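Chains as they are written, first to last, in the numbering used here: chain A, 1 to 151; chain B, 1 to 892.
If you are wondering where the hints come from, they were derived from the structure by calculation, not from laboratory data. Nothing here was measured: the structure is a model prediction, and the numbers come from that model. Any given hint might turn out to be false.
[Claimed, not checked] With a straight-line cut-off of 25 Å between C-alpha atoms, the simulated SDA-like cross-links for lysine to any residue are:
| # | chain 1 | residue 1 | chain 2 | residue 2 |
| --- | --- | --- | --- | --- |
| 1 | A | K39 | B | D805 |
| 2 | A | K51 | B | R48 |
| 3 | A | K51 | B | K750 |
| 4 | B | K562 | B | A594 |
[What the hints assert, rightly or not] Computed from the model, here is a short list of chain B residues facing chain A with C-beta under 8 Å:
| # | residue |
| --- | --- |
| 5 | A168 |
| 6 | I169 |
| 7 | F183 |
| 8 | N184 |
| 9 | G720 |
| 10 | T722 |
| 11 | D888 |
| 12 | K889 |
| 13 | N891 |
Think of the CB as a built atom: it goes at the ideal place given N, C-alpha and C, for glycine as much as any other residue.
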Amino acid sequence: MHEKIDEIFRGFQSKEEELIPLLQRVQNVQGFISVPSMKRIAGFLRIPESKVFSVATFYAQFRFAPVGKTHVMLCRGTACHVKNAPKILEELENQLGIRSGETSGNREFSLETVACIGACSLAPCIVVNDEVKANLTPKMVKKMFRQNTPS
Amino acid sequence: MKHINILIDNIRIAAREGQTVFDAALDNGIYIPGLCHHPDLKPMGMCRLCIVEIAGRGLTTSCTAMVEEEMSVITENEEINQIRRTTAQLITANHTGECFTCKQNDRCGLQKVASYLGIEHNGDKPMRQRKEELLVDDSNPFFTLDMNKCVLCGICVRTCDELQGDNAIDYVNRGPLTIISTFNNQPLFDSACKSCGECVARCPVGALTFKGFLNPSREVRTICTYCGVGCSFYLGIRGNSIVSVRGDRNGPANKGSLCVKGRFGNGFVNDPRRLTVPLIKKNGKFEESGWEEALDLIAGKFKINKNGLFACFSSAKCTNEENYVIQKFTRAVMGTNNIDHCARLCHAPSVSGLAQSLGSGAMTNSIDEISGARTIFAIGTNTTWAHPVLALQIKKAVLGGGTLIVANPKRIDLCSHAEIFLQHKPGTDVVLMMGMMRVIVDEGLQDNLFIDERTENLAPLIESLKDFNLDYVQLVTGVDKDNIIKAARLYASQKPSSILYAMGITQHSHGTDNVLATSNLALLTGNIGKLSTGVNPLRGQNNVQGACDMGALPNMYPGYQKVADETVRNKFQKAWNARLSNKPGLTHTEIVDAIDRGEVKALYQVGENPVMSEADSGHIMQALLKLDFFVVQDIFMTRTAQYADVILPASSFAEKSGTFTNTERRVQKVRQAIAPIGQSRADWEITCEMAKRMGAEGFDYNSTEEIMTEISLLTPIYGGITGEKIENQGIQWPCPDTDHPGTPFLHGEKFQTPSGRGKFMPLRYIPSSEPPSKEFPLILTTDRSLFHFHTSTMTGRITGLNLLDSEEFILINPADADILGIGDRELVRISTRRGSLEVRIKITDVCPPGIVSMTFHFENTHTNLLTSPALDPVAKIPETKVAAARIDKINR
Ligand code: SF4
Ligand code: SF4
Ligand code: SF4
Ligand code: FES
Ligand code: FES
Numbered sequence: 001m002h003e004k005i006d007e008i009f010r011g012f013q014s015k016e017e018e019l020i021p022l023l024q025r026v027q028n029v030q031g032f033i034s035v036p037s038m039k040r041i042a043g044f045l046r047i048p049e050s051k052v053f054s055v056a057t058f059y060a061q062f063r064f065a066p067v068g069k070t071h072v073m074l075c076r077g078t079a080c081h082v083k084n085a086p087k088i089l090e091e092l093e094n095q096l097g098i099r100s101g102e103t104s105g106n107r108e109f110s111l112e113t114v115a116c117i118g119a120c121s122l123a124p125c126i127v128v129n130d131e132v133k134a135n136l137t138p139k140m141v142k143k144m145f146r147q148n149t150p151s
Numbered sequence: 001m002k003h004i005n006i007l008i009d010n011i012r013i014a015a016r017e018g019q020t021v022f023d024a025a026l027d028n029g030i031y032i033p034g035l036c037h038h039p040d041l042k043p044m045g046m047c048r049l050c051i052v053e054i055a056g057r058g059l060t061t062s063c064t065a066m067v068e069e070e071m072s073v074i075t076e077n078e079e080i081n082q083i084r085r086t087t088a089q090l091i092t093a094n095h096t097g098e099c100f101t102c103k104q105n106d107r108c109g110l111q112k113v114a115s116y117l118g119i120e121h122n123g124d125k126p127m128r129q130r131k132e133e134l135l136v137d138d139s140n141p142f143f144t145l146d147m148n149k150c151v152l153c154g155i156c157v158r159t160c161d162e163l164q165g166d167n168a169i170d171y172v173n174r175g176p177l178t179i180i181s182t183f184n185n186q187p188l189f190d191s192a193c194k195s196c197g198e199c200v201a202r203c204p205v206g207a208l209t210f211k212g213f214l215n216p217s218r219e220v221r222t223i224c225t226y227c228g229v230g231c232s233f234y235l236g237i238r239g240n241s242i243v244s245v246r247g248d249r250n251g252p253a254n255k256g257s258l259c260v261k262g263r264f265g266n267g268f269v270n271d272p273r274r275l276t277v278p279l280i281k282k283n284g285k286f287e288e289s290g291w292e293e294a295l296d297l298i299a300g301k302f303k304i305n306k307n308g309l310f311a312c313f314s315s316a317k318c319t320n321e322e323n324y325v326i327q328k329f330t331r332a333v334m335g336t337n338n339i340d341h342c343a344r345l346c347h348a349p350s351v352s353g354l355a356q357s358l359g360s361g362a363m364t365n366s367i368d369e370i371s372g373a374r375t376i377f378a379i380g381t382n383t384t385w386a387h388p389v390l391a392l393q394i395k396k397a398v399l400g401g402g403t404l405i406v407a408n409p410k411r412i413d414l415c416s417h418a419e420i421f422l423q424h425k426p427g428t429d430v431v432l433m434m435g436m437m438r439v440i441v442d443e444g445l446q447d448n449l450f451i452d453e454r455t456e457n458l459a460p461l462i463e464s465l466k467d468f469n470l471d472y473v474q475l476v477t478g479v480d481k482d483n484i485i486k487a488a489r490l491y492a493s494q495k496p497s498s499i500l501y502a503m504g505i506t507q508h509s510h511g512t513d514n515v516l517a518t519s520n521l522a523l524l525t526g527n528i529g530k531l532s533t534g535v536n537p538l539r540g541q542n543n544v545q546g547a548c549d550m551g552a553l554p555n556m557y558p559g560y561q562k563v564a565d566e567t568v569r570n571k572f573q574k575a576w577n578a579r580l581s582n583k584p585g586l587t588h589t590e591i592v593d594a595i596d597r598g599e600v601k602a603l604y605q606v607g608e609n610p611v612m613s614e615a616d617s618g619h620i621m622q623a624l625l626k627l628d629f630f631v632v633q634d635i636f637m638t639r640t641a642q643y644a645d646v647i648l649p650a651s652s653f654a655e656k657s658g659t660f661t662n663t664e665r666r667v668q669k670v671r672q673a674i675a676p677i678g679q680s681r682a683d684w685e686i687t688c689e690m691a692k693r694m695g696a697e698g699f700d701y702n703s704t705e706e707i708m709t710e711i712s713l714l715t716p717i718y719g720g721i722t723g724e725k726i727e728n729q730g731i732q733w734p735c736p737d738t739d740h741p742g743t744p745f746l747h748g749e750k751f752q753t754p755s756g757r758g759k760f761m762p763l764r765y766i767p768s769s770e771p772p773s774k775e776f777p778l779i780l781t782t783d784r785s786l787f788h789f790h791t792s793t794m795t796g797r798i799t800g801l802n803l804l805d806s807e808e809f810i811l812i813n814p815a816d817a818d819i820l821g822i823g824d825r826e827l828v829r830i831s832t833r834r835g836s837l838e839v840r841i842k843i844t845d846v847c848p849p850g851i852v853s854m855t856f857h858f859e860n861t862h863t864n865l866l867t868s869p870a871l872d873p874v875a876k877i878p879e880t881k882v883a884a885a886r887i888d889k890i891n892r
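The whole structure should be built from the sequences, with the hints applied where relevant.
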């Protein structure tokens, strides 16, 4: 991991405004932003660790845990919201036993919320490992994930 | 300060230039609601409660608008009120908690805003965004962070960033989920937080609150008793107990700031373990006695142990008045100059070295000048830990565009603010600085005009620089020569430049040479005798400067007047009506040797714990057993007091009046806040009682003011010090007469040397006395913790400080730990030529390979059993910073 980060740094000049691009690169390479990588970035840019964490948590695009085998993204765009996305989220959290932004202990599932995914006519929708599931109801969500729920 | 006329609600007021409208209004008694503004911080304009209407600009936040000539401001109208009410409702809606039980009740900024705007707390529930209870971070022993009460004003975040430079906290998440939190949402206890409490002191609401403090019934302004920065603070009192502490915004050294020790470390005063009655050792056991019995016993014993048989360790914790009385007692009553104090173990080389080169061994410049330096060269000082509030000035300088150069064998916290870090090997300071001078001379960067007009003896220095070509310097110091060149150029050309140093420079067998290297650097570049420049030894104890000033030194009367000088001696003989010895006395280290040889038989020791603090303490422990009579005067039972024949209970700083002189030579008033605990008495009263019992005259003072009057008559540098003069801001010596304003920086016109010129001193490299060897391959160096002071006799009584720093750890580099096959926190055995101890290790790259580090704060791991007694030949300071050591794995 250390070498990978060093490799990423090679393309940057250690300037404060590179923070977000750096976080993006790290997430692209690692799949998420780990605590050690944030520390390394802070050291590299010579900015406080708390600043890196503050910026990283401000943007919804960043993830702080590796994604699970099944990665669920829930759309929180306006159309989905109007069509009951909050209830879908609640159901997902119940079924998967994790909160938005988390990964289950066994790395089976991860859940995150994202901005409009451009499928508004199918709202509300989620994306499960790149596959869009449309026109959902809480019931459908329950069915979809029930067998996987830790009892 | 220029005045600017503005109109507020059509009333003309005079504002100060550079002020915000918000502050100008406040200064003139006009309240504008607001939550996110603080006068110490940059304007932010977050909460939008403070909007006003400025003619020609419309609605704008008054905390971000700077006053301008003839500006017209309307603070209140229907539109403004409407906006303010909506904004405030949004905040109160998300603010839970019962005001009545809140610690901030009565002082709360939100209460004030809500009541001003007439907002009812429950009328706004629909605007509530957060559903769940947020976390309360209770991990810090001294304060609590409760997000349920936070108004997200960001004052804490900005305090930690702009003022403290620690950046422990920041905003985390966004929108309704936003909170104030640490990196990776760790508890504050595990975060980068230094527990200074500055954010807590500024939080407008009950989100950050102090745990142990109560509202006091009265407050007393006095001076912190820990380090030499000399922060001014208010002790809050109920009955006879300290219940709160608050920084004094008018304090010249601290401007309101305090560190964790000063703010939270005063519980020792009311600690039940305080000594409250005199104790006399009978058949090997201490028994309580009355004052009469104890003092009579002492007077009798001291009478038969006068002159060379007697010695005294005075105290850098005591007031000036007390040190004066104690040295007067030693000289006039006991007939000897055998008096010294812990300065011998910390800054004796500063006194002896700078006296040679500059004529005065104190910090040349003032604390608040540091932030004005454009280059700061901090060598051998772990400032953020040992002088935390002074370190704020360094951070301020860097924030303002100045450059910090840190030279230290260890990667200390200060490095994170530094542009250049010179990680030189312990004991190679002379080589490093001579290397820098070589660059300066080779590149012609010296200040020729200054050298011509103000200095002497340049040629021998230049001659001695020949030995220091940069390849050699790089080899010896281990520092890349390019960095040395960069540092030298910056120091010489980006002026004003200031040198700060502490015990990393002095505690060496060549400590005096190290000190002289710093003054050479300053003289060579003209960085002395001017604002924000200078050679600045940071003194450790609250009154170590004063103890030196008062002549608790074997060769000096008060005010550095030499014992060996006949005229001076006659002056004191006349004033004290006593015959005085013209023979300089023994130093601290020499006194211990003389006790060991049976030459000194009686020792009077005030407020010091040399068994823990003296290098190679095995030596002093066996020497003390040889004393015929040993009197210890202290506030707690210490390791050293165990050896005493009589222990006298002294009052702490909170129980007495007098003055302390801080590291910038500022004489400041110490004010009594509570009555003496138990039967304890102020140190000066005790010493005077002894003197009177021995039939001496001149010890019947009625107050500390009377003592100060005598001091000022006999001590030219204190000549103008009067209680009245120092009442508000103290005075920096020299202050020769009552019309003199004091001296913020020294050597402005001439140096205090005989010729009036600053003297260059040629130097050569003398290696430390204990190089690593096959048997002892590591170098052990010593350091301090932020959370403890000296031998922890006071900080060790504070539960919270013990939680934050609970035990000694040997800091060791991962590479060394690998070689030894030891893991983090493993218990190991560390040995030097003098002894060995079992201590846990902490693996960290703060230490480079080959160097390990310990503090000497903990009784159960007695670090000074290990340290080296090798002495500096001039200053007689032991080499506490370098000892050859070995670490062994313990196999059980
Ligand atoms: S206590 Fe001091 S270091 Fe800790 S968060 Fe507050 S300001 Fe920062
Ligand atoms: S904790 Fe206090 S100072 Fe910090 S943002 Fe919240 S209300 Fe403001
Ligand atoms: S910096 Fe020193 S004087 Fe100031 S509060 Fe801390 S210990 Fe006390
Ligand atoms: S709002 Fe959900 S896909 Fe557009
Ligand atoms: S006080 Fe001015 S915006 Fe908050």
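Hints, one by one, checked against the model:
For the proposed pair A:K39 and B:D805, the alpha carbon gap of about 24 Å is at most 25 Å, so the pair holds. The hinted pair formed by A:K51 and B:R48 meets the criterion: a straight-line CA distance of about 24 Å does not exceed 25 Å. The suggested pairing of A:K51 with B:K750 is violated, with an alpha-carbon distance near 48 Å, which exceeds 25 Å. Of the supplied pair hints, the one linking B:K562 and B:A594 holds, its CA atoms being roughly 23 Å apart against a limit of 25 Å.
The criterion of a C-beta within 8 Å of any C-beta in chain A is met by B:A168, whose closest approach is roughly 6 Å, and the hint holds. With its C-beta approaching chain A no nearer than about 6 Å, B:I169 sits inside the 8 Å limit, and its interface hint holds. Checking B:F183 against chain A by beta carbon gives a least distance of about 4 Å; that is within 8 Å, so the hint holds. A least Cβ separation of about 5 Å between B:N184 and chain A falls short of the 8 Å threshold, and the interface hint therefore holds.
Evaluation of the B:G720 hint against chain A yields a violated restraint, the C-beta minimum of about 46 Å exceeding 8 Å. With 8 Å as the threshold, the beta carbon of B:T722 stays out of range of chain A, its nearest partner Cβ sitting at about 47 Å, so the hint is violated. Evaluation of the B:D888 hint against chain A yields a violated restraint, the C-beta minimum of about 31 Å exceeding 8 Å. Proximity of B:K889 to chain A is violated relative to the hint, the smallest CB-CB distance being about 28 Å (cut-off 8 Å).
Annotation: B:N891 was flagged as interfacial toward chain A, and the flag is violated, the nearest CB pair being 33 Å apart, outside 8 Å.
Comparing the model with each earlier hint shows violations of hints 3, 9, 10, 11, 12, 13; every other hint is respected.
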